[in-house]
Amino acid sequence: MRGGFAVAVGGGYAWYAHTSVREDQPEVKAGEARRDKPICFFGVSRYTPGGKPAPFADGKTRFKNMLVLREGLDDHGQIPRGLATDGKRLFIADTAKDRIVVVDGATMKVAREFAAPKPTRLAPTVRFNELAVQFRQIAPSVDPIVPHPDTEDRRHEDSPSIAQGCESPHNRY
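Mapping the sequence shown onto this note's numbering, position 28 (from 1) lands on 117, and the numbers just tick up by one.
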């Protein structure tokens, strides 16, 4: 496992965005250097609040706790740059693919995704009906608030909103 850029905690889980070398690679003998670039998983792993892996159906790695967004040669730039949760859903800033992926926190199934130019840090707003998004600097003026992909209040035509029936602010992580 190689370090990542983002952590989110809520809804009984902790999530960590990182890369992990696929375990079906040819082994390298002790003392030898790997001459090829390994094939890696890039995505998000789920853990219990106590730090133990929290496996789920279709989870990858030996712990069965990783949602893989893509596989490829080892490249730190492919790791998601931001995570946020409202306690039920996990929001993933998939910077390399210019999108935000929304995942059901219990099943780890992708519920939806929407376009966002180079998203990095994420945070739900206090009302839980919008998602604050920091974008990598690609233009001097980028609106930092993207509608939570389930509400009717839309600020961007290509950004579905996130939170019909969202939790109240009293439901803390």
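Heads up, some of the hints might be wrong.
[Claimed, not checked] Below 25 Å or equal to it, Euclidean Cα-Cα: the simulated DSS-like pairs (lysine-lysine) are:
id : residue 1 : residue 2
1  : K198      : K149
2  : K186      : K153
3  : K126      : K153
4  : K149      : K186
5  : K141      : K198
6  : K177      : K198
7  : K126      : K186
8  : K126      : K141
9  : K141      : K118
10 : K186      : K141
11 : K207      : K153
12 : K186      : K207
13 : K198      : K186
14 : K177      : K153
15 : K177      : K149
Quick caveat, the hints were computed from the structure, so don't treat them as lab data.
Task: Hints that the structure is at odds with (numbers, increasing) - done: Hints 8, 9, 10 and 11 not satisfied by this model.
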